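Asks: Sequence:
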Amino acid sequence: MGKSVILVGCGNMGYAMLKGWIAAGKLASKDATVIEPNEGLRARAAALGVTVAESVDELDAGADMIVFAVKPQVIRDVAPAYARFADKATFVSVLAGTGTATFEEILGRHAAIMRCMPNTPAAIGKGMMVLFSNRNVTGEARAFAEELLATSGAVTIIDNEELMDAVTAVSGSGPAYIFHFIECLTAAGEKAGLPAETAKLLAMQTVYGAACLAKESDDEPGRLREQVTSPNGTTAAALSVFMEDNRLLDLVSDAVDAAKKRSIELGK
44 MGKSVILVGC GNMGYAMLKG WIAAGKLASK DATVIEPNEG LRARAAALGV
94 TVAESVDELD AGADMIVFAV KPQVIRDVAP AYARFADKAT FVSVLAGTGT
144 ATFEEILGRH AAIMRCMPNT PAAIGKGMMV LFSNRNVTGE ARAFAEELLA
194 TSGAVTIIDN EELMDAVTAV SGSGPAYIFH FIECLTAAGE KAGLPAETAK
244 LLAMQTVYGA ACLAKESDDE PGRLREQVTS PNGTTAAALS VFMEDNRLLD
294 LVSDAVDAAK KRSIELGK
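All letters in the sequence shown, in the order written, are residues 44 to 311 by my numbering.
The set of hints was computed from the structure by calculation and includes no laboratory data. Careful: at least some of the hints might be erroneous.
[To be verified] Below, in silico cross-link-like pairs of lysine-lysine (DSS-like), each with a Cα-Cα straight-line distance of 30 Å or less:
1. K114 <-> K169
2. K69 <-> K131
3. K46 <-> K73
[Claimed, not checked] Simulated DEER-style distance windows between Cβ atoms:
4. I221 <-> E148: 27 to 37 Å
5. S296 <-> V271: 32 to 42 Å
6. T199 <-> P274: 31 to 41 Å
7. I167 <-> K311: 28 to 38 Å
8. E101 <-> G151: 20 to 30 Å
9. S273 <-> E233: 45 to 55 Å
10. K311 <-> F224: 42 to 52 Å
11. R178 <-> E101: 50 to 60 Å
12. N81 <-> R119: 17 to 27 Å
13. G83 <-> S283: 46 to 56 Å
14. H153 <-> G92: 15 to 25 Å
15. G236 <-> A90: 44 to 54 Å
16. P238 <-> S283: 19 to 29 Å
Just so we're clear, the structure is a prediction, and the values are computed from it rather than from any experiment. Idealized CB from N, CA, C, for every residue including glycine.
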């Protein structure tokens, strides 16, 4: 596409995104620059054919897009050095709990800023990427960001940044909920008499297969549940435990609410 990108921070998430952009042909190696103080991580990035530097001070020019993929607690130390590129670059942040107002404060109120909430499956191209743009982002820049991020999974747009706390609670933290459910289903299988490895395999593959079916089917998840549930059968017996008095619904709702509240607290 001929557009250039500076990736600030190349840890696991940053590297996974960069690798996906290049592999999908959305970004040429020659058009990518990685700023990373860690020598080992720089070497890993350099193996993809991109330009690497230890510090932004080594750069003479900016890029069409600058992506921040560093720890939230260091952004106020890292971001000011990029303010000199704000006239031409669009900034994309994948930092949890860091609002666009923080970046406008650091980079200037006229800076074009996009905020992205990814989740860990993005590392294997199966992530959920949610985007919010401030008023300064052009349609062209938004389209480019969407193309890049789509290599890491599904992309959706929100127009109200306040929804990011709910996004964090559902998809940002959500993989951990699923991992814990797999742990619980595995433990329940063992308690029912299955060998540990068999219980683990059954739990993981069942969650994986059910998620794939839900995504690819034209039926809603509730309808798929009904199709599996024979009257007075084994599935009905189990679901009666989950669904009695909305037990599971209330538990999941309480968990998401707790995560949302914590996201709000961390963003203050």
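Asks: It remains to establish, for every hint, whether it holds in the given structure.
Replies: Status of the hints after comparison with the structure:
1. K114 <-> K169: 22 Å, holds
2. K69 <-> K131: Holds, at roughly 20 Å.
3. K46 <-> K73: 10 Å, holds
4. I221 <-> E148: 27 to 37 Å: Cβ of I221 to Cβ of E148: about 36 Å, so the range 27 to 37 Å holds.
5. S296 <-> V271: 32 to 42 Å: 23 Å, violated
6. T199 <-> P274: 31 to 41 Å: 37 Å, holds
7. I167 <-> K311: 28 to 38 Å: Cβ of I167 to Cβ of K311: about 33 Å, so the range 28 to 38 Å holds.
8. E101 <-> G151: 20 to 30 Å: Cβ of E101 to Cβ of G151: about 23 Å, so the range 20 to 30 Å holds.
9. S273 <-> E233: 45 to 55 Å: Violated, since S273 and E233 (Cβ atoms, about 26 Å apart) do not stay within the stated range.
10. K311 <-> F224: 42 to 52 Å: Given about 31 Å between the Cβ atoms, the range is violated.
11. R178 <-> E101: 50 to 60 Å: Roughly 32 Å apart at Cβ, these two residues miss the hinted range, so it is violated.
12. N81 <-> R119: 17 to 27 Å: 20 Å, holds
13. G83 <-> S283: 46 to 56 Å: This hint holds: roughly 53 Å between Cβ atoms.
14. H153 <-> G92: 15 to 25 Å: 34 Å, violated
15. G236 <-> A90: 44 to 54 Å: Given range 44 to 54 Å: holds, Cβ gap about 48 Å.
16. P238 <-> S283: 19 to 29 Å: 28 Å, holds
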